[in-house]
Amino acid sequence: MRIGLFATCLGDTLFPDAVKATAILLTRLGHDVVFPPGQTCCGQMHINTGYQREPVPLVRNFADGFGDASIEAVVMPSGSCAGSVRHQHRIVADRYGDATLRAGVDTVAAKTYELSELLVDVLGVTRVGAYFPHRVTYHPTCHSLRMLRVGDKPLRLLRAVEGIDLVELPGADSCCGFGGTFALKNAETSTAMLHDKTDNITATGAEVCTAGDSSCLMHIGGGLSRIRSGTRALHLARILAATRTTPDILTKASV
Amino acid sequence: MSTFLGMPAPPPRSPYGTGNLRGDRAFPRAAHDELGNEQLRRNLGRATGTIRAKRLSVTGELSDWEALRDAGSAIKTDTMNRLPELLEQLERKVTERGGTVHWARDATEANAIVARLVRATGSDEVIKVKSMATQEIGLNEHLESVGITPYETDLAELIVQLADDKPSHILVPAIHRNRDEIRQIFRDHIPGVDPDLDNAPAHLAAAARGYLREKFLTTKVAVSGANFAVAETGTLAVVESEGNGRMCLTLPDTLITVMGIEKVLPRYQDLEVFLQLLPRSSTGERMNPYTSLWTGVTPGDGPQDFHLVLLDNGRTAALADALGRAALNCIRCSACLNVCPVYERTGGHAYGSTYPGPIGAVLTPQLAGMHAAKDDPNSSLPYASSLCGACFDACPVKIDIPSLLVELRHQHTEQTGVTPEKLAMKAAAAVMRRPALYAAAQKASALGRVVAGRDGTISRLPPPLSGWSDSRDTAAPPRETFRSWFSSDEGRATLRAAAAERNSDHNEEDAT
Ligand code: SF4
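Chains A and B are the protein sequences, given in the same order. For the first sequence, the positions run 1 to 255 when the working numbering is used. For the second sequence, the positions run 1 to 512 when the working numbering is used.
Rather than coming from a laboratory, the hints here were simulated on the basis of the structure.
Quick list of in silico lysine-lysine cross-link-like pairs, DSS-like style, CA-CA up to 30 Å:
| hint | chain 1 | residue 1 | chain 2 | residue 2 |
| --- | --- | --- | --- | --- |
| 1 | A | K185 | B | K426 |
| 2 | B | K443 | A | K185 |
| 3 | B | K166 | B | K374 |
| 4 | A | K185 | B | K166 |
| 5 | A | K111 | B | K398 |
Please work from the sequences and hints to get the whole structure.
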């Protein structure tokens with residue numbers, strides 16, 4: 001399948017390893033990964049902070065970049081960006097765009113998936129040939145869980161990883177406290193939420209806490225690093241891309 | 001927008017400075033103090049955790065729970081779409097049955113109406129059923145100011161009133177207090193209470209009961225709120241757990257009910273839906289212990305003088321907002337508070353309003369506006385959420401609170417002038433819309449490496465990012481972006497190897 005990869009602004013700029021892992025994984029599964037070079041950002045940060053005029057060009061840029069009919073599916077290693085594309089671009093297009101934009105947005109939204117959705121629902125795989133002999137706990141990020149309803153797809157993928165020791169995270173459904181600019185505007189409340197999350201993670205004794213969003217992992221990983229916990233935050237794509245021949249090559253704390 | 005003759009003025013918000021729809025500090029500031037209160041966080045964590053679990057178990061046992069939610073949502077949406085007509089029908093029916101209906105535009109009018117009605121009875125005290133509407137308009141404070149003493153009869157409201165405190169939860173107003181604190185409040189404020197009173201729930205309840213019984217039997221006027229009003233029949237409904245409400249609704253001679261206009265339901269039959277949704281969502285009970293229904297006046301039975309005060313106080317303004325009006329569907333069950341991770345840490349007082357938690361964060365700014373004054377604390381409320389969505393999942397009438405929060409944030413930024421944040425957002429968008437500029441900015445961000453420590457982490461950032469770095473490390477930006485890796489020789493080689501790996505040893509993919 002010809003799959004358009006959206007790196008997300010955060011992934012492209014700060015956490016490229018998770019995007020590389022996504023590209024490697026899909027290529028290994030036999031798919032043709034294309035990277036429309038004009039892509040930048042989905043505009044979620046703007047929309048969630050209360051700005052809907054400013055991201056209009058971003059929404060248009062996204063719809064144009066991925067609108068190409070030869071791209072059969074669009075994937076991104078981020079539940080929140082996928083949620084924004086599927087649920088928020090429409091709002092922006094209706095308010096400040098035109099009918100053409102709305103049509104473009106609808107076309108792209110219909111073929112946009114977060115990584116675990118693409119693998120399980122579209123490509124029909126749960127066993128991706130990964131090998132990751134570590135103790136891992138999984139945090140279901142809020143937007144994957146409640147906006148996209150990915151359900152247990154990430155867990156099904158993880159359970160099929162060879163060598164993995166998957167441990168349940170207490171209070172898994174509770175928000176980690178990231179919330180985009182919430183982490184700055186309400187830093188103290190965000191921190192209180194983060195502390196409960198990192199306490200729960202360290203209680204599992206896991207070496208790795210994984211999730212489907214680099215943004216939440218940046219927050220959780222930043223908290224784990226600050227308390228000098230031995231647990232690392234690692235994007236789900238990196239676990240799924242690791243094999244016996246090419247284990248996770250990537251450096252510490254790079255989500 | 002220019003205004004010209006003949007154009008309808010937007011409906012008024014609840015006026016600034018009256019009632020309890022606005023705190024005196026912005027949310028982050030108020031939350032700061034509450035977050036420092038360990039006792040509060042323990043009390044809240046325990047209480048909300050317990051209610052959450054109970055709610056899930058009783059909603060899970062109904063096979064038609066989702067259908068009930070859909071029905072609740074549909075009935076409420078229909079109600080809002082024809083609110084004027086339903087309210088007029090309600091007025092007609094209540095009047096036909098011997099009640100008197102009063103219309104109050106805002107808190108000041110509602111308070112004046114109630115005070116006048118109480119005075120007309122010759123009484124200088126009233127007993128009260130727990131009521132959000134009267135808390136919203138600050139009725140107790142107003143009555144006291146004109147020499148009428150209000151007595152709260154709901155146990156938790158009584159605790160709050162005796163302690164000269166404010167409720168912090170829609171349904172469990174004293175959720176921020178534990179038993180030891182309550183014992184102390186009773187010992188300090190209930191006249192003649194046993195000085196050796198301990199903190200056993202039964203003993204605390206008995207102390208309150210002794211105090212309240214006398215009030216029930218001697219007070220001639222009661223003030224209540226209403227959970228529902230049925231337009232078709234003129235019936236009012238109060239749902240409660242203790243029976244103290246029923247005492248208020250039946251023993252006095254005069255009953256004055258203050259009700260937000262959004263509480264009306266079209267048909268008697270609709271109660272069937274809401275009397276299932278409400279208790280299960282709020283206290284996690286299958287049915288609440290007391291449901292009181294009354295229709296006007298029944299000669300020889302119950303209060304012989306009944307007044308219904310219909311309160312607007314910003315509700316038509318909320319109704320006029322095409323997207324925001326969904327917040328008026330709220331039945332005040334408090335399920336959203338009990339699942340909210342922000343509420344769980346900060347408590348209700350941080351929101352400054354009678355309506356705390358997720359629904360408060362949308363309803364309060366809608367009723368009272370966000371810009372009555374510069375730095376209006378209400379303008380901080382839509383941001384008091386991580387948008388985790390737990391509230392939407394829990395809401396029995398499916399109010400999409402996260403989307404409403406995002407909408408209100410947008411309305412707020414549209415109403416404010418130029419701010420540093422707005423400039424930054426515009427600048428970011430201007431860069432992100434031009435791929436070449438964006439790629440250059442990405443390169444510049446790699447400069448962040450210079451501030452990283454030897455271990456590749458950044459532990460201190462300048463304002464406004466210092467709020468982040470106070471508790472979180474940041475990994476140094478990578479040397480190379482994804483896009484440059486993807487088009488590099490190394491990137492191409494890696495992907496070629498990945499493709500070859502598949503060709504050599506597959507098919508691994510199976511149909512698990
Ligand atoms: S918004 Fe929904 S969950 Fe929250 S109090 Fe209202 S009805 Fe209950």
